[in-house]
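All chains should be built: construct the whole structure from the sequences, respecting the hints.
With the first letter of the sequence shown counted as 1, position 128 gets the number 163 in my numbering; the numbers rise by one all the way through.
Mixed in with the good hints, there may be bad ones.
[Said to hold, decoys possible] With a straight-line Cα cutoff of 27 Å, these simulated DSS-like cross-link-like pairs (lysine-lysine) come out:
#1 Lys118 <-> Lys91
#2 Lys91 <-> Lys382
#3 Lys170 <-> Lys91
#4 Lys144 <-> Lys317
#5 Lys170 <-> Lys382
In case anyone wonders, no lab produced these hints; they're calculated from the structure.
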Amino acid sequence: MKMQTLSVGLVGYGMAGRTFHAPLIEATPGLELAAVVSRDADRVHADRPGVEVLAKPPALFARADIDLVVIATPNDTHFPLAKAALNAGKHLVIDKPFTVSLSEARLLKAQAEDAERLVSVFHNRRWDSDFLTLKALLETGTLGRVVALESRFDRFRPTVTDRWRERHRPGGGIWYDLGPHLIDQARALFGMPRAILLELASSREGAEVDDDFLCLLEYDGLRVTLQAGSLVAEPTPRFAAYGTQGSYVKYGLDPQEAWLKAGRAPAPGWGEDPVPGRLTLKGEGDGATLESREHPGIAGDYPAYYAGIAGALLEGAPPPVSVDEALEVMLLLETGLDSYRQGRWMKLKEGNGPRKRLHAH
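Written as structure tokens, this is what we have:
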């Protein structure tokens with residue numbers, strides 16, 4: 036049944052719910068943020084005076100007027116909350132990662148199919164400026180045949196903080212925090228790899244969980260390196276792609292997260308990255324010198340995710356992130372952990388060489 040406006044209920048008002056989901060939902064035509072589940076009603080009302088606050092998720096799921104539930108809670112709560120929301124007949128958006136295990140994710144997919152409900156995972160960094168720019172360079176063949184891609188998300192956070200991501204619990208640690216972003220981007224560009232190798236480390240004093248990872252993805256003729264650390268003070272390239280015609284290197288993070296944290300709402304000029312990448316290409320003719328220049332980025336577009344959700348539910352369009360794509364990310368997360376525990380490369384039955392999956396999702 037097509038509706039003009041969908042009522043959205045948000046479960047969780049921590050960093051993810053408050054910074055990303057609430058403002059993006061509010062900026063999306065066809066969606067209305069009707070209620071938030073939070074133990075801190077004053078905090079919600081200070082930001083959003085007109086939004087109803089509920090203390091517990093079951094009260095939200097029981098409401099007949101709620102069409103879409105967004106789950107932005109600690110990772111190990113995703114599965115039980117999503118299961119309960121589907122039982123109540125709700126469509127679902129789940130913050131990444133989908134769940135903390137592949138088996139849980141598969142169960143939710145089956146439940147959603149039985150109920151004929153939409154489930155999508157918020158892999159928002161497909162709409163980062165630098166990623167969209169890199170994707171366009173690959174689509175046009177500007178770099179030639181790409182033989183290596185390095186994707187890093189480094190930070191300098193020397194102090195272990197008292198938050199659930201830093202605790203020894205399912206879904207804690209940097210692999211389940213930043214790994215889904217980097218894995219989903221690589222998968223969106225090149226498909227599923229033939230094999231994966233993962234190293235994890237706890238580098239900081241007092242760390243209970245992994246705060247550093249190095250992951251290698253093997254394709255035919257291509258090696259992808261994914262890396263994230265918590266003790267990296269000197270800037271490292273966010274992306275470095277190397278091909279037979281040249282390279283693309285980009286420093287600095289997409290600005291959208293910082294803008295959302297600062298309370299900025301999507302407006303004209305949104306997502307424009309002030310820091311261009313550098314494109315170095317082979318000149319014409321044999322023995323030609325390399326030519327290097329700044330390469331301005333395509334504007335990032337986080338609002339596109341929820342616009343895609345509205346389009347899927349109101350118009351029957353494909354979802355911006357399908358449940359099968361989210362399952363592929365879960366397979367890589369879990370197989371990566373198997374690789375770390377066994378200390379060896381792990382093959383993926385679904386793996387293959389690079390394939391053209393560069394169309395917009």
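Status of each hint after checking the structure:
1. Lys118 <-> Lys91: Measuring from Cα to Cα gives roughly 15 Å; hence the hint holds.
2. Lys91 <-> Lys382: violated, 42 Å
3. Lys170 <-> Lys91: This hinted pair is violated, its Cα atoms lying about 41 Å apart.
4. Lys144 <-> Lys317: violated, 47 Å
5. Lys170 <-> Lys382: holds, 26 Å
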